[in-house]
Amino acid sequence: MFESPGISYATLWPVLLVLAVACAGVVVEAFAPRAARFNTQVSLALAGLVAALAGTVAVGAGSSLGASTGEGALIVDGPGVFSQGLVLLVSLGGVALFAERRLDNGVSAFAGQAAALPGTPAERTASQRGLEHTEVYPLMMFAVGGMMLFCISGDLLMLFVALEVLSLPLYLLTGLARRRRLLSQEAALKYFLLGAFSSGIFLYGLALVYGFAGSMSLAEIGDVAAEEGSSPLLLLGIGLMAVGLLFKTGAVPFHSWTPDVYQGAPTPVTAWMSAATKIAAFAAMLRLFYVAFGAEGDIWRPAIGVIAVLTMLLGASFAVVQTDVKRMLGYSAVAHTGFLLTGLLGVQTDAFGSTQAVLFYLTAYGFATLGAFAIVSLVRGPNGEVGSLERWAGLGRSNPWVAATFAVFLLSMAGLPLTGGFIGKWGVFAAALGAGQWPVVAVAIGSSIIAIFFYVRMIMVMFFTDPREDAAAVVTPSYATTVVIALSAVATVLLGVIPGPVLSLLVDAGGFIG
Amino acid sequence: MLTILVLVPFAGALITAVMPARPKAWAFGFALATLIAGIVTMFTAPDTDLVWIEPLGVHWALEMDGFGKLMVMLTVVLVPLVMVAAVKDHDKRWYAWALALEAFALLTFTAGDLFLFYIAFEATLIPAYFMIGQHGGPNRARAALKFLMFQLGGGLVLLGALIGFFVVSSEAGSPSYLISDLAQLDIGTNAERWIFVAMFIAFAVKAPLFPVHTWLADTTEQATTPTSVLLVCVLDKIGTFGMIRLCLGLVPEASAWATPVVVVLALISIVYGAVLAIGQDDLLRLIGLTSLSHFGLITLGIFAATREGLVGAMLYMVNHGVATAAMFLIAGFLIARKGTASISSMRGLEKATPVLAGSFLIAGLATAGLPGLSQFVSEILVLISAFDYHWLVGVIAVTAIVLAAIYVLWAYQRIFTGPAQLSRPVSDLDRREIGVVAPLLVALLFFGFVPGPLISAASPVVEPLVNVIQAGE
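Residue numbers (my numbering), protein chains in the order written: chain G, 1 to 514; chain W, 1 to 473.
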């Protein structure tokens, strides 16, 4: 007889709610009149995310934490729920940025009609009629649903399904920029092709691991690997799966899409995606490596260590020579992936270990990057956003508050004390050093010095340089964007000044389980 | 009480930043309030110890020994004086940053927790960066960037040491960053040496010491003189403060192990800084480079690690702070009159500005270690310890006094003596400027003849340090 697997709806309803809202969004798109769509979609998405966030908090505080459900396909444990909550928080900010329509004369940052070729009469008509894509909200909700599943996936298949659910909407969203559409579409195509390849490689690795262990469940793979020791099959599988995940997080040598996509995608998408994807991908990566491949640590740690070193050095070095703010932040995101990988080299402990360090880093980085890109979307010239670093000169004099807030985000990314980034950096370095990975930590410190250079140079340009004639100006945004930026800044500072509560929460949440 | 001492200037910085009317008066008021708070803490200052970040073992722990008192007094006295000196050509942003700098500097001098020390150590850089970048010479943005890159680079290396302590401390049981707990840790020889190297690099950049001193002259050249005073006389002291408190205090064996190298670096700094100073045409670069020489002597006193050396180094830090502050401020007044810092374009100012010339000479001679002025006492103590360490070290160190006499007197001669050639009349110091300089000169004279209070504050701190080091040897 075939028994249907038991599913604990009590712990899974936040994820299901987000996916349901996504489906409802598609229905709205089909049936609601055009005029009502924007408001309906935005309020639906916001309400769904808030309810899901409340649900996640309830699950996190509840007693059923740590249970596996759906035949072990999903594992609702402390770190998983924490990362889900983080994804939801960042996504709330993302919705607010998506809905921003005051920056560009009453239209959103998304193309009026994606199907109209750039430069054709069809495109002109679309923009004259003030069309806009409200499909972006359901697309985003699908991606959020996928990310939430990714954080709690307990077996290989679920991992892959979640990866695809979160990736496909991202490819689409990347290509929808209203301005500089060719750049945006090129970025989307690049992202999609490389992403599809990496998914294929991931799937291949997954098959090999299944072939080795005879099971999809991460916990069982861990048991088998501990019992039988390493085999070429398993190692090849680990390597190929790692490629898939390293691609998503933008680690060298799989990083080449990052600056292009960060630059080409509509800035609200970049803001949300850079934070949320990284959170989900690292949550999945931690679980996979610690639970399923924990016994093989001696083999994958050196390899990941080398990748971390390359990622930090190349990311930071390339960021130094960028002249575009979004590309610079893109390469800085690569460098941050390297720092996070440094944290992955540590071990899970009962107290403050790797899991806590990486998740705290993601928290601090998530808010900083969300806020930083939100500010990038405000700095505009006659032809939309101004990416060129030189035209940001003198912003500290014309708009001291905006520039100062941007400086806070930059300082946090640079890891200066009294910002969340510092505690994050401290944590991942401590985790790695505790596991005896001092060479990697030494490189990490060196890369941090390089990274500080371009963050501080940005501050220098804003505050100490005289503005040029075509200097960018700050457009006053709607309240939603202002609130997102302000809250991100407050969170960034609070995480640095009183990190205790979040750290304790993470310590209480424990490690990833299988 | 110590918490209040730190919070008063910090609150002052915030209020100054937002105050629409008379922000400078508010800033000065807060600086005076900090001075009063500082004086009160000289008499009564119970230690504070509150848990701050529990999972990391970080405490909001403040404590103050005699050495801390000296540094706190130096800071709280210099800041209001500098504010008076800065009133004409600095806006309210500078005043707010100056108070923020004071708050973080006081926090480093009173921190009883290594993590707290580190946070304050790094946080001082942000105000300093903006103070250099927003006021000063035409190349100030570059100078600010160079300053910050050096300092943050050093800071990140120190972060390595900070994390190293955490790892050792968690392996020994529950993690704690209290300096008193860390001092009792049993660290393996290798780890201890690495931690020492990381800390020493950070403090050598801060102090600064050869070969990581190159930011110093560029910064003092471009920054305004009030900024330079806060940087060189207060902020750089954190470097030598850290060497005593953290290098000798926490890893004494590794400090003894590294002493030969440190002594060589210190000697190079002493001679090289002084020789470079002699050759400078820019008065502000000159004063900056003299400090390199002085910091070499302070470091020498610290690592010779005798009673005389350590007491001398602590006194030296105070006296150098006062003397160099006077030098910078007087030079600033001079430059404001002449519109240039180039020594070769000044001549014969003695007759037009006798008070300015006289105070420059007193401050300069104090810098050169003339007996009867306060720096002499500390210099002699350091030199005694240098001879104790090795006669050759002593001989090289003594050249500092000769070279110092050359750079001070030759600069004086070029600026103030000779036939006057005044294209436009130059006024002497006005009452505000005298009010700034006079307390510093009086302090130089007073502590030259009565060094007792300083020595009795420093001695009790030195005793345990020397005992630990001798036990280690």
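If you are wondering where the hints come from, they were derived from the structure by calculation, not from laboratory data. Please note: incorrect hints may appear among the correct ones.
Computed Cβ-Cβ distance ranges for the label pairs, DEER-style [said to hold, decoys possible]:
hint, chain 1, residue 1, chain 2, residue 2, range
1, G, ALA30, W, ARG142, 58 to 68 Å
2, G, ALA351, W, SER180, 16 to 26 Å
3, W, GLU463, G, THR482, 28 to 38 Å
4, G, CYS23, W, ARG142, 54 to 64 Å
5, G, ARG397, W, ARG414, 46 to 56 Å
6, G, THR482, W, ARG142, 33 to 43 Å
Every residue gets a Cβ at the ideal spot worked out from N, C-alpha and C, and that includes glycine.
Cross-check of the supplied hints:
A hinted range of 58 to 68 Å for the beta carbons of ALA30/G and ARG142/W is consistent with their spacing of about 59 Å. With their beta carbons about 22 Å apart, ALA351/G and SER180/W fall inside the hinted range of 16 to 26 Å. Between GLU463/W and THR482/G the beta carbons are some 58 Å apart, a value that contradicts the proposed interval 28 to 38 Å. For CYS23/G and ARG142/W, the Cβ-Cβ distance of about 57 Å falls inside the hinted range of 54 to 64 Å, so the restraint holds.
Checked against the given bound of 46 to 56 Å, the beta carbons of ARG397/G and ARG414/W, roughly 39 Å apart, lie outside it. THR482/G and ARG142/W have their C-beta atoms about 34 Å apart, which keeps the hinted 33 to 43 Å range intact.
Hints 3, 5 from the list above are not met by this structure, while the remaining hints are.
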